[in-house]
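So the protein sequences, as listed, match chains R and L.
The working numbering puts the first residue of the first sequence at 9, with every later residue one more than the last.
The working numbering puts the first residue of the second sequence at 9, with every later residue one more than the last.
Don't take each hint at face value.
Put simply, identical chains are the same to the list, so a pair is met inside one copy or across any two.
[What the hints assert, rightly or not] Here are the simulated DMTMM-like cross-link-like pairs (lysine to aspartate or glutamate), alpha carbons at most 20 Å apart as the crow flies: (1) K80 / D41; (2) K149 / E83; (3) K149 / E125; (4) K80 / D44; (5) K80 / E122.
No lab work stands behind these hints: they were computed from the structure.
All values derive from a computational prediction rather than experimental measurement.
There are 2 protein chains.
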Amino acid sequence: MRFTSILAVAATAVITVTALQYSAPATADAFADAEDAVKYRQSAFSLIRENFGHMAGMVRGEIEFDAESFQKRAEALKHLSYIPFDGFSGAGHGVTENSDALPSIWENWGDFSEKSEAFNKAAHELATASQSGDLRSIRPKFMATARTCQQCHEGYRAD
Amino acid sequence: MRFTSILAVAATAVITVTALQYSAPATADAFADAEDAVKYRQSAFSLIRENFGHMAGMVRGEIEFDAESFQKRAEALKHLSYIPFDGFSGAGHGVTENSDALPSIWENWGDFSEKSEAFNKAAHELATASQSGDLRSIRPKFMATARTCQQCHEGYRAD
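Take these sequences, add in the hints, and give me the full structure.
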């Protein structure tokens, strides 16, 4: 039954791609529109915040430290650290409407990009440190990651 | 000025973590509540769909193929392929309210997990293929990724 089903799916792969629900943007390197780009970056940040908040709760001792859970969250943060920044280019370039983004982002694009890379790097180091399962090794890497958030929010985010 | 600012941020790192806006969940391996978990997985899937849709548009020739843009999207998809599945465990376990998730997910958790891993693997291979910049090498990897989506949606998603 399952095997047959997989074969059927494989045979209809072309149809599959057509059938999947989405709206393709009109141009090559862009979101469908500014609203779409803003939504993209905001969704990405909300996922980052979810994972970051969970880890912060453990670092601050508000919720019990659980090495496996922390590692899972750090791993997710590592992957998510790449995501939001695409929403600031293409159709999202210069868009501050319904957004906390400040125009200074595009006036200082090089600095903004460097700060996003610092976040990537810190999130990677945090994920590596989380494998130790030792909060004493993890805490400084978590704090370093928090600093990269703060250093970018200062001057580039409205609140 | 910037240097001073960085020093100030570094000095107030503990305050920084306290000051960041988020709500920490009460337990170690959980979202704050079911609604939060559902929102998490839905946001992740919306980011996946955005990237997938953009690539599909190029594969189908609806938008002009742009190797750099495709690679960027494939790279994002690779990272995002890990994200939604956490929202099906913890507080998201068994939750089908305001969701397209079917109860069969938790009745067949092993199979569901295997399918999520197949998606991860296919997305990785697509990202690697996208580095070639050659649509002929990319297309089969894109189709293989689309199949992993479809194979999981069939039976585990309401629509």
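Now the hints, each set against the structure:
no. : hint        : in the structure
1   : K80 / D41   : between (33 Å within a copy, 18 Å between copies)
2   : K149 / E83  : within (13 Å within a copy, 25 Å between copies)
3   : K149 / E125 : within (15 Å within a copy, 28 Å between copies)
4   : K80 / D44   : between (29 Å within a copy, 17 Å between copies)
5   : K80 / E122  : between (26 Å within a copy, 18 Å between copies)
Hint compliance for this structure: no hint is broken.
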